[in-house]
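Residues per chain are reported as follows:
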Amino acid sequence: MIELHIILFFMILAALIAVEMRGLLNSVIALGAVGMGLVLQFLLLRAPDLAIVQLVVEILILILLIRATVKLDRPSESTLKENWAYVLCLLLFAGVFLWFGYRALEGLPLFGAPEMNVSDYYISNAMEQTGAANIVTSILLDFRAYDTLGEVTVLFTSIVGAIAVLRKIGRKQ
Amino acid sequence: MTLYFMTFILFCIGMYALVVKKNLVKKIIGLVIIENAVNLFLILVGFRFDAEAPILEEGMGKMVAFVDPLPQAMILTSIVIGLGVVALLVAIAIRIYEKYGTFDISQIRELRG
Amino acid sequence: MKEEQGMSILVKRITRMTVSLILLYGFYIALHGHLSPGGGFAGGVIFALSMIHITLAFGAEGVKEIMSKAKASFLESAGALLFLLIGVSGILSGAFFLNFLPTGYEFRFFSGGTMIFSNMAIFIKVGAGLFAVFVVLAFLGPEGHTEDNDGGEK
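Protein chains in written order, with my numbering: chain A, 1 to 173; chain B, 1001 to 1113; chain C, 2001 to 2154.
Note that these hints are calculated values from the structure, not bench results. Here the structure is a predicted model, which is why all the values come from computation and not from measurement. Just so it is clear, CB atoms sit at the ideal spot from N, CA and C, and this is done for glycine as well. Please note: incorrect hints may appear among the correct ones.
BS3-like, lysine-lysine: derived pairs with alpha carbons at most 30 angstroms apart [as the list claims (entries may be wrong)]: (1) B/LYS1099 with B/LYS1027; (2) A/LYS168 with C/LYS2071; (3) A/LYS168 with B/LYS1099; (4) C/LYS2012 with C/LYS2071; (5) C/LYS2064 with A/LYS168; (6) A/LYS168 with B/LYS1027; (7) B/LYS1099 with B/LYS1022; (8) C/LYS2012 with C/LYS2064.
Sample of chain C residues facing chain B (criterion: CB under 10 angstroms; computed from the structure) [said to hold, decoys possible]: (9) ALA2042; (10) VAL2045; (11) GLY2094; (12) PHE2107; (13) VAL2133.
Chain A on its own, in the form it takes in the complex:
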């Protein structure tokens, strides 16, 4: 599984570049590299549904962020000074987080051997109970459709919120 390590290392590099680049447009494009690395990871991890969704969603996120930056970017904004107290606090937080994360990993099952108590039921019963060949879809729309309803509600609310924030009507000139 060396290719997973290589792609993940590439994603970390792209994330660092995205965070530290001067121009906003460069950062947005580097973020696209992170998302495309994630698509490759999903394909290698046998999740084709997620690869398709992540691919198209990443393109749409790039379009939205480029719309936010391309006309509005000003060169004077690229010379920002960070507060070093924040950086020190964050380094402390990152150290504590990574230490506890490392300790917590000891309780997880080993990589490549998951415990699938619930999923075994879904896998063995998906065909008889729902008749769908795609097990992910049968979980999404049949076994756990209530979660999907909540997800649709969240998406609806966020889109209505975005349209309400951006509309012209009722705004003082």
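Using the hints, position chains B and C against chain A.
Chains B and C only, in chain A's frame:
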């Protein structure tokens, strides 16, 4: 194990952008990186060696091993929710830019007085 | 004289040829979500991307004839309500979100009961909603004046 730890490092990079950077677009980028890291971690936990993607095919035996389909279904919703969140954040950031003429948090604070 | 909107003639010709294929692929992904990788979410985002493609190539006027912002908002609400209706109609036969239709033939198109309709509802909802957000963002001028192109707001 190393793979899990590398996703934690990716999470920390996103958190760094979210906390330290003063540009609103950089903060949104940090949030997207955090989302990617968490999604990847959960899919890695559900991976199984020598297993197939969870899609049945005609003539496939009963004893074929599949990777865990449950995290995949949940992450599928999580990705689309992330898109909605980013759309809302971009809308608010553009409104702030129109009002104050900058994406810089500290300058916005000074302008408000 | 009306000002020419959008990109050059080359982009417009290529867009006319490719956009229908992209739209068809989105429909295919959404309709076959219960058999192959894909589903309503992926298909909906592809639908929104094809509409964005038209918007970028032809400008605001070109896309207004196909789908205005009011139409997109209506379709978004209709898709969400349709999905809820599928869930509620399961109550009639026993439980919320019960798959009350027959499961059909295995590995054929007519299988999975309500899944085809759920996928199509999510397809309409996601596609129209994301396109509405893009239309609002794209027609917003850089100085905060909305160019009077967003139909149906008056």
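Each hint, compared with the structure:
1. Restraint check: the Cα-Cα separation between B/LYS1099 and B/LYS1027 comes to about 19 angstroms, which is no more than 30 angstroms; the hinted pair holds.
2. A threshold of 30 angstroms between alpha carbons decides the hint, and for A/LYS168 with C/LYS2071 the separation of about 18 angstroms falls inside it, so the pair holds.
3. At roughly 14 angstroms between alpha-carbon atoms, A/LYS168 and B/LYS1099 fall within 30 angstroms of each other, so this suggested pair holds.
4. Between C/LYS2012 and C/LYS2071 the alpha-carbon distance is near 24 angstroms, which keeps this suggested pair within the 30 angstroms criterion.
5. Distance restraint check for C/LYS2064 and A/LYS168: the Cα-Cα separation of roughly 18 angstroms lies within the 30 angstroms cut-off, and the hinted pair is therefore satisfied.
6. With a C-alpha separation of about 26 angstroms, the suggested pairing of A/LYS168 with B/LYS1027 holds against the 30 angstroms cut-off.
7. Distance restraint check for B/LYS1099 and B/LYS1022: the Cα-Cα separation of roughly 17 angstroms lies within the 30 angstroms cut-off, and the hinted pair is therefore satisfied.
8. About 16 angstroms separates the Cα atoms of C/LYS2012 and C/LYS2064, which keeps this hinted pair within 30 angstroms; it holds.
9. Satisfaction of the interface hint for C/ALA2042 is found here, the shortest Cβ-Cβ separation to chain B being roughly 9 angstroms, below the 10 angstroms cut-off.
10. Taking 10 angstroms as the C-beta contact cut-off toward chain B, the hint placing C/VAL2045 at the interface holds, the least distance being around 8 angstroms.
11. Contact between C/GLY2094 and chain B, as hinted, is not supported at the beta carbon level, the nearest pair being about 23 angstroms apart and thus beyond 10 angstroms.
12. Annotation: C/PHE2107 was flagged as interfacial toward chain B, and the flag holds, the nearest CB pair being 5 angstroms apart, inside 10 angstroms.
13. With a least beta-carbon distance of about 5 angstroms to chain B, the hint placing C/VAL2133 at the interface is held under the 10 angstroms criterion.
This entry does not satisfy hint 11, going by the numbered hints stated previously; all others are met.
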